[in-house]
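Protein chains: 4
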Amino acid sequence: MASNFFGEIFRITTFGESHGPGVGVIIDGCPAGVEISIEEVESFLVLRRPGRTVYTSPRKEEDRVEILSGILAGRTTGAPIALFIRNSDVVSSPYAAIQGLCRPGHAQFTYWKKYGVFDERGGGRASARETAARVAAGAVAKKLLAMHSIDCLSFISAVGDIDLPLPELSSLVSLRKKIYEDPLFCPDEKISAAMRETIAKVREEQDSIGGIVTGVAHLPVGLGEPVYGKMEARLASAMLSLPASKGFEIGAGFQAARMKGSEHNDAFTADDSGAISTATNHAGGTLGGISTGSPLYFRVAFKPTSSIRKPQQTVTLQGKKALFQLPENARHDPCVAIRAVPIVEAMTALVLADLLLLSQSSKCPLLLGCT
Amino acid sequence: MASNFFGEIFRITTFGESHGPGVGVIIDGCPAGVEISIEEVESFLVLRRPGRTVYTSPRKEEDRVEILSGILAGRTTGAPIALFIRNSDVVSSPYAAIQGLCRPGHAQFTYWKKYGVFDERGGGRASARETAARVAAGAVAKKLLAMHSIDCLSFISAVGDIDLPLPELSSLVSLRKKIYEDPLFCPDEKISAAMRETIAKVREEQDSIGGIVTGVAHLPVGLGEPVYGKMEARLASAMLSLPASKGFEIGAGFQAARMKGSEHNDAFTADDSGAISTATNHAGGTLGGISTGSPLYFRVAFKPTSSIRKPQQTVTLQGKKALFQLPENARHDPCVAIRAVPIVEAMTALVLADLLLLSQSSKCPLLLGCT
Amino acid sequence: MASNFFGEIFRITTFGESHGPGVGVIIDGCPAGVEISIEEVESFLVLRRPGRTVYTSPRKEEDRVEILSGILAGRTTGAPIALFIRNSDVVSSPYAAIQGLCRPGHAQFTYWKKYGVFDERGGGRASARETAARVAAGAVAKKLLAMHSIDCLSFISAVGDIDLPLPELSSLVSLRKKIYEDPLFCPDEKISAAMRETIAKVREEQDSIGGIVTGVAHLPVGLGEPVYGKMEARLASAMLSLPASKGFEIGAGFQAARMKGSEHNDAFTADDSGAISTATNHAGGTLGGISTGSPLYFRVAFKPTSSIRKPQQTVTLQGKKALFQLPENARHDPCVAIRAVPIVEAMTALVLADLLLLSQSSKCPLLLGCT
Amino acid sequence: MASNFFGEIFRITTFGESHGPGVGVIIDGCPAGVEISIEEVESFLVLRRPGRTVYTSPRKEEDRVEILSGILAGRTTGAPIALFIRNSDVVSSPYAAIQGLCRPGHAQFTYWKKYGVFDERGGGRASARETAARVAAGAVAKKLLAMHSIDCLSFISAVGDIDLPLPELSSLVSLRKKIYEDPLFCPDEKISAAMRETIAKVREEQDSIGGIVTGVAHLPVGLGEPVYGKMEARLASAMLSLPASKGFEIGAGFQAARMKGSEHNDAFTADDSGAISTATNHAGGTLGGISTGSPLYFRVAFKPTSSIRKPQQTVTLQGKKALFQLPENARHDPCVAIRAVPIVEAMTALVLADLLLLSQSSKCPLLLGCT
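So the sequences go chain by chain: A, B, C and D. Counting in our numbering, the first sequence runs from 3 upward without gaps. Counting in our numbering, the second sequence runs from 3 upward without gaps. Counting in our numbering, the third sequence runs from 3 upward without gaps. Counting in our numbering, the fourth sequence runs from 3 upward without gaps.
These are computed hints drawn from the structure, not numbers from a lab. Please read all numbers here as calculations on a predicted model, not as lab measurements. One should not assume that every hint holds.
Identical chains blur together in the list; that is why a pair holds if it fits in one copy or across any two.
Result set (EDC-like, lysine to aspartate or glutamate): computed pairs, CA atoms no more than 20 Å apart in a straight line [to be verified]: (1) Lys312 x Asp274; (2) Lys192 x Glu265; (3) Lys115 x Asp273; (4) Lys180 x Asp165; (5) Lys179 x Glu191; (6) Lys262 x Asp163; (7) Lys179 x Glu44; (8) Lys115 x Glu170; (9) Lys312 x Glu64; (10) Lys365 x Glu199; (11) Lys262 x Asp165; (12) Lys203 x Asp163; (13) Lys192 x Asp165; (14) Lys192 x Glu170; (15) Lys262 x Glu199; (16) Lys262 x Asp209; (17) Lys203 x Glu330; (18) Lys203 x Asp165.
The shape of chain A in the complex, shown without the other chains (with noise of 0.2 Å):
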């Protein structure tokens, strides 16, 4: 099954691998009218960009976005839109001396397995390289959901052993502020300056830490599907669909299997014009896969990246036991959690586009005025 897609509506296709001419995404069933400019995704580029600071990998991507269809004097037509960017920085030569030894902890190894080819310059479809494909997409859906008042955002919440414990979401905007302003993506400048620190000493041994990412977002009550189709469910797909991911928790999460009904609970509560909402938000801002109006949030594990200076023991892909060292000029980040904070961002989008035009499919006639 072709598994390069997704979304049902709002629909992304990827392409691209990261050592071929680029990397590319067609955006198929965004409504016409949106407002989109190349300086737009490029802007929510930059934010996944390594090379951003020094606590990411220093490859140089320009990632210059060539628009190929679909946008006609800065609106979307309604048509699919294409968007490319190519590879520049494509530094091929290092791969060489790894050739053919199984990289520990890369899907080079599953893959091989599975078509019996694996692109060895770089992670081919594997590569995190993929993800800027995403991260253009998100840009456009982002702008879809502004037009109906949705806002989302993600931040670094956990580097190592250093957490940070949830902010305020009432405001996504002074929130926003501190997170881009920041070269961890961490709203809370102590708490950066700890995780920066865990990451120079990580980086000193060669070595690589995990992290954890946060995703959160402002939504109308009643957006989402039932049963298979339910918010969190898509969200896990989407976030465990990324590069290093191993976990997704939505509200009180794995720590809610500790906790007792009576504490869990978020009870319901009605201000003077009897609008409903919850007094706590445990539930993380769905209840049966649908937002009950209360923030969104949601957090994503990392593993730490599995490319590491350190040398380690393999074996060949014949069976052979061979030391795996990587390159010297290899490009590799300390903490890969970091450059997936604009791409949980991304996908947080791209879920939440599609649901919201899935819930305009759904409306209920009568609700809609016919008769």
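Assemble the complex: chain A is given as a structure, and chains B, C and D must be docked to it using the hints.
Quick look at chains B, C and D alone, frame taken from chain A:
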């Protein structure tokens, strides 16, 4: 969008409500030739039956399965398989007392906001009753998998603060024996006893408690799809589509966020025949969404049951303050995670059956001997 | 791939065989709030009932519909709607005589080659009995469409060499009256009489005859999708999925291949209010897959019924020569096109309901008043 | 709903407009190991190139294909294959004169009604330019099919009133030679000459003419899916998704409606080895949606090109009367059916490639030797 189906090739569509005639499932895409009997389906359904032990809800569902199509002389024919389970023991009267009240932790509020209607008698589509259809379908999936030497299993791994360490996964046969003999589906007697104590205590307090379910599987190497179709993405979606689930993690999961690359990376080794495997299995059985051949394992967090006997503050659907008190004779589970065990197993089987058929479709013609 | 479903948002999945417990359908994606009763479904089902007249098969299917889910207090709830129609009057014994023989014109040979099994008693999934489930679902689709002022209708337009010219399509109400009163669903009494004569003759000859069904609809302008999702592509797929159908044409259809552009092009005109329409309607109601606002019309060709009483040469499934003679008491229609009339109508309604919901999902936010 | 994709496993998504940077296609789901070169894709694209003969439009599209992903060292890798064809020779100025006028026979009016925008310069997504992407994808599908000994082909079978009788289908190799050597893709020289005369005449009259394309294929028995996924349903959908197509028929098609069962039924016979086939092939190669092993054949009707030089009455988009006259230098084909020949072939290949992979996924485990 239709959101009551799951899977791409081995695709189920479920229907039915907790207080209607019954629940059912259509399995579309199951190959011909799979041996299956009503008894096999019912014996799997028994596992999720509330009333099986005092630790789960006392509702006495008979769960007799009617085969409406797709099976002839004990074998699937390639036609869609329809299985129907009539509801019995449906007592709607207890729900009269709470009609019009927002039920804390329930999907009733969000369904009402989305659809403009909600079946007050039980949970409607949001009821755990829907999962009987998943389990029935899972029984068929398990039979198909067995023909390809694939096996999967689930067990309880936490109730409140009582945790079970990951057991030995080398023999699913012996593990299954222990699990199915235990009233909580826990493979460790002592830990099961401690869990039962916890449950007894919350029951006495008219409260409930959360828990964690672990899923495992034995698979060949190379099963799974890349990018958006990763095995872990499909499992995460399957598990977060379950009522009350709040989190999913594979392998080291959230713990991986605390680890260094040199710790987390599983070193590749080879046996004398040159067969490659990993020395450790922090990955949990996949790399890049495709199976490594090591056992698959993952964990699913369940919140405490929302329905508790303790009185709770709430509001009416019109926004007036009210006290919510579960009727005396309404059914509820003190720990929903226990009933979730066979359901997690069923969803795992459904994901794996779909991936098995998908992998057949994507076979390289060269490997098939084509020219 | 699962191939027993149809539609993207308003999606049906059918199940059941001609000689099993019954046939049924799950409608997934129907919005909440559509008024529908068992009587409405059954009164539509009556139209396809063999035995309605001497011109169709004498099998007395009762076609009592059981609602298994999705409807509460006479309205859809947004949950999947399951409708089940038990088989009655199932006589399998006549089929014993022809067991193991390749049935000319039947799917039995190809099913046997694909699946390795075939239910010899009736037509299994390939039986026209499956279409009862389509008609039941179509009844629901028609109610949804009516709430949006969309109407569709079908009639017989050829039996053998007897042709009906395209009738006036401006009022579907008066057209419906004529059609439903005629035993052949033909809106012209004289032509109906000639058709009946043709059928009587082939029946006497122990033979059968082909026919053509015309479908029409009144639609708003702008309904439909571009490129691969064109309205005519969906209709063509829907119609060629019917048993015995051999062709589909929209508007001038195959006759358009004989015409010049200056003849075929429909000139645009406008009324005093500036409302644009076309002076003629060779296009048949769509341009580029999207409705023009003129009546939709298309034709579907049906082959003569394969089951005839005349003896036919054939072979056994082992390749031995044999004579094929339909058992005396086996049911068969002399002209399957007549029974196809309400089925074409049902499939039209299913296509239009899906396109209606799709068009709601793709609304330009600017047109919705978003900023 | 996203409607720019086609296929379930071998799935294409196309993008691009006639007057933007170019058109392209992503092929998702093509197995690894298929040998394909740019030259092979381009040599198939040449066939649909306008300007190939005087009988088609003089636009000189270069149709140079750029491979953006999915092919390494001349073979597919299992990753999505992205092919891009830049537009050249794009002259938008001629369209200025007709801006704001409803173009008779064009999708411009309906697109404008649906989306609120229309790219006036060319046909946007509704342009036949989009079909270049289908042909490029079809070239890859044909290479996959060839590895499984499946072949398909198309030819012109009517231009206006000039008809070609169905040729001998036993050797596609010799048929292909004749077709590709003829300027109209007609396997009969004399009939081709008569067709050319017809075209010359309508060209002189500043008019256009319709035509019919026949598609054929050699297939193994048992390919296809039942019910809604029938081979003929997929082909019908594929063909009616083509610009200007108005009808589809398989085998005897609409003629079957005139026939008796005893004429139309194809008698089964067997050779000495017991291999079963049909003595005639009125069915056109399928029964119940699944291939019989006899040659597949079907016909597709195309309307006369909408763009003609003759002046035509129309209105402005505001509903004012106006005269529509195609600019002198605007391109147009006198007979669009001729250019459609390789496009029908490409769509056939895409349908068959998808069905091939689907049939691999639905293999009975018993037939695979599983226990």
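Status of each hint after checking the structure:
no., hint, result
1, Lys312 x Asp274, "neither (62 Å within a copy, 27 Å between copies)"
2, Lys192 x Glu265, "neither (31 Å within a copy, 27 Å between copies)"
3, Lys115 x Asp273, "between (59 Å within a copy, 17 Å between copies)"
4, Lys180 x Asp165, "within (17 Å within a copy, 38 Å between copies)"
5, Lys179 x Glu191, "within (12 Å within a copy, 53 Å between copies)"
6, Lys262 x Asp163, "between (27 Å within a copy, 11 Å between copies)"
7, Lys179 x Glu44, "within (18 Å within a copy, 50 Å between copies)"
8, Lys115 x Glu170, "neither (46 Å within a copy, 26 Å between copies)"
9, Lys312 x Glu64, "neither (29 Å within a copy, 52 Å between copies)"
10, Lys365 x Glu199, "neither (51 Å within a copy, 47 Å between copies)"
11, Lys262 x Asp165, "between (24 Å within a copy, 16 Å between copies)"
12, Lys203 x Asp163, "within (13 Å within a copy, 33 Å between copies)"
13, Lys192 x Asp165, "within (11 Å within a copy, 34 Å between copies)"
14, Lys192 x Glu170, "within (16 Å within a copy, 42 Å between copies)"
15, Lys262 x Glu199, "between (37 Å within a copy, 14 Å between copies)"
16, Lys262 x Asp209, "between (40 Å within a copy, 7 Å between copies)"
17, Lys203 x Glu330, "within (19 Å within a copy, 59 Å between copies)"
18, Lys203 x Asp165, "within (17 Å within a copy, 32 Å between copies)"
Of the hints listed earlier, those the structure fails to meet are numbers 1, 2, 8, 9 and 10, in rising order.
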